[in-house]
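Chains as they are written, first to last, in the UniProt record's numbering: chain A, 1 to 436; chain B, 1 to 436.
For the record, the hints were derived by calculation from the structure and aren't laboratory data.
Among these hints, one or two may not hold up.
Identical copies go unnamed one by one, so any copy, or any two together, can satisfy a pair.
Below are the DSS-like pairs computed for lysine-lysine, each with C-alpha atoms no more than 30 Å apart in a straight line [said to hold, decoys possible]:
| # | residue 1 | residue 2 |
| --- | --- | --- |
| 1 | K377 | K235 |
| 2 | K20 | K210 |
| 3 | K123 | K110 |
| 4 | K123 | K112 |
| 5 | K144 | K20 |
| 6 | K112 | K144 |
For reference, the chains in residue letters:
Protein chains: 2
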Amino acid sequence: MGIVVQKYGGSSVADAEAVKRVAQRIVDAKRAGNAVVVVVSAMGDTTDELIDLAEQVSPLPPPRELDMLLTAGERISMALLAMAIGNLGHEARSFTGSQAGVITDSRHGKAKIIDVTPGRIQKALDEGAIAIVAGFQGVSQDTKDITTLGRGGSDTTAVALAAALEADVCEIYSDVDGVFTADPRIVPTAQRREQISYEEMLEMAAAGAKILHLRCVEYARRYRMPIHVRSSFSKLSGTWIADPDQLGAIHGADHGSGQEGHDMEQAIIAGVAHDRSEAKITVVGVPDKVGEAARIFEALADAQINLDMIVQNVSAAATNLTDISFTLPRADGQTAMTALARLKDAVGYDSLLYDDQIGKVSLIGAGMRSHPGVTAKFFSALAAAGVNIEMISTSEIRISVIVDEAQVNDAVAGAHAAFDLDVDQVEAVVYGGTGR
Amino acid sequence: MGIVVQKYGGSSVADAEAVKRVAQRIVDAKRAGNAVVVVVSAMGDTTDELIDLAEQVSPLPPPRELDMLLTAGERISMALLAMAIGNLGHEARSFTGSQAGVITDSRHGKAKIIDVTPGRIQKALDEGAIAIVAGFQGVSQDTKDITTLGRGGSDTTAVALAAALEADVCEIYSDVDGVFTADPRIVPTAQRREQISYEEMLEMAAAGAKILHLRCVEYARRYRMPIHVRSSFSKLSGTWIADPDQLGAIHGADHGSGQEGHDMEQAIIAGVAHDRSEAKITVVGVPDKVGEAARIFEALADAQINLDMIVQNVSAAATNLTDISFTLPRADGQTAMTALARLKDAVGYDSLLYDDQIGKVSLIGAGMRSHPGVTAKFFSALAAAGVNIEMISTSEIRISVIVDEAQVNDAVAGAHAAFDLDVDQVEAVVYGGTGR
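Chain A with its partners taken away, still in its complex shape (with noise of 0.2 Å):
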């Protein structure tokens, strides 16, 4: 018998009702024969009015005291599913991260998982119960504190969960149907992938697409664990994360998803992906010596910021100055200028720029290394659609470009239906149509 793990959200556990909903999505796993474990999100709100209650009492909650908090909400989502699914006649049984054996170093807030020791869950699947457990959580290897796992937190539980078990699928149910090729509020011809593979999911999520967080992504790769990403307000099926050489076997043995067995396609493009959530800051007239780029970076690793992309252009010869162009998240806009500001006489640079009103948008897909042509189109939808790039930033599978803000929306509709993903086009081509 093989093992499932389904992880809902919060919206699936809004209310009672959404509760009894899912009770039953998990019993009807269970009935198609697998062993079921579920990892659970707080309901609906819960964390966020926790949160607020912390405010109220303190400004500054100590990290400790805001983990044993914060799982609270979990407590209470996970021990009514397992009520509501005891009232549909299966044996569920609830655990919290430390008694699912999430093993987590001692950074409160944004614990990693060091180790997943399950026992006790495999005992309630070999007893023939289901268990639920509370994601986002775990305890902490040396002082046995209670941790969360910070943000994408019940995802990497539930894929940690899953690879430790030796599970055959990580399913994560949302409120949306799978990944799409683009934002379908921004484009509402935008389709859902049947398949994408893990590095174009990874550049995915690191370009702003908000279905499945990074660090779960990572996770899953590691081990290997297909992730179905589905939505628990319908029976379709959703979008299937894998290696390619891992989807047919998966879609060879279905887990009663409806997913209909069928070639891989392997697609040049994967999707379009945006993000307004940094800003940029430009440092101008650099001295061009060896080390000067070097200290500018050490001095934002020590106020503990994340970098995304960084451009430098190559020096004015009649100057022998450069600018340093990068983007970070928004909330760190201030840390890092200040930080940079305390280096102005030791580096020697003119002046520093801020700009948050920028957008990010990545065109990301596997195939488009072997495919030449694909920067110069990408550059010239943009072009067409009146949009002005301010910075470039590639890997192997992604195109990154740095727009004003206001123009993300254009820019991502417009390299969408470049590269012919807008569905009604796809559907035109596989039905022999007359599409471009």
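For this one, chain A is given, so just place chain B on it according to the hints.
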């Protein structure tokens, strides 16, 4: 440095402002030179809200999962309290019942404490931190599942931890100022007791005084742990519960409570308690043979019903039939009547009478045994108040009567006045006035 265990109930931590006020009080105790352990209940109505949620997803929630759900309540309040203390410049660490070493049996919803191993609490105290512990919860010795202690659980947690840590005192905070000679809502002239013995408090609790739960007092008596019952809304000293020989020592080593040392006042009467939660069942016309009563009470025990008062009159010689009456929680009335109805043919009784319009009024005092005439004075006070007595039951330090529920207030007030417990009269005596 002495250890003080403080327990705050749900009304004391009902919202963020209340949490901050309690935090200040805890810090005051710490600054006064004590090592401080705090046991806290869930905020305000949290537990009721969680039970409502459970009922929405399942008519009969599995007890294990209900315990998992309910323990989220204390997790929230204890983390917030630790944060609020941190904001006042003192380190506080919160601990679940499991982390605090509260080991119980496996009876979910009404677990009994088997052992307390507060190693992590002691370590926190040794390191100068304030320890905040979730009340009402523990972990089962056999299954390592989360358990709850049932009604009065947080008070019991506090006393059990105080005993295990060999604390100087266990302070129980609520929204009342202490133990009164009668319910001040019924008898406005009721006076706060400065001290009361374990035995008297046990009888008060058993007789319906809601200030402390019976099992908490039993635990305290077993370990001779002094309890100080006080209000979290005032700085007033409350009521000390301890053996008479302990009280002198306690008042000598006062913990900043503002209580002045004074001689032990050994009152004859500790107070008047009442209880409106019981019903009365009479089994009419029971054959007066060996074993008939046993069959009746075995049937009730099998139905898990706790009886309170039991009265059997001598049988009328002419018929050799007797009536057996007993009181029980009203909530169990239907179950008991059903169990008894099944016995009708086997026992051969005439009929069953059920009455839930009753109240119990009890006079409690460790000194009453050595003061003849207490019973007569109690009954004549009830007669003067026009109250008819339906049943009588006595112990060495208590006399309880069952009366019509509508007459409970008159009975309490009449008895309270007859035994000179009204606060004006007592002060008149103390200050040389002309009180009778």
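The hints, checked one at a time:
Within a single copy, K377 and K235 get their C-alpha atoms no closer than 37 Å, and across copies no closer than 77 Å, so neither meets the 30 Å cut-off. Taking CA atoms no more than 30 Å apart as the test, K20 paired with K210 passes inside one copy only; the shortest distance there is 26 Å, against 38 Å between copies. Proximity of K123 to K110 under the C-alpha cut-off of 30 Å is found in both arrangements, the shortest distances being 29 Å within a copy and 26 Å between copies. In the homo-oligomer, the alpha carbons of K123 and K112 lie at most 30 Å apart both inside one protomer (25 Å) and across protomers (26 Å), since each shortest distance falls under that limit.
When the C-alpha separation of K144 and K20 is checked against a cutoff of 30 Å, the pair qualifies only between copies, where the shortest distance is 27 Å, while the shortest distance within a copy is 33 Å. In this homomeric assembly, K112 and K144 come within 30 Å of each other (Cα to Cα) both inside a single copy, at 14 Å, and across copies, at 25 Å.
In the structure shown, a violation is registered for the earlier hint numbered 1 alone.
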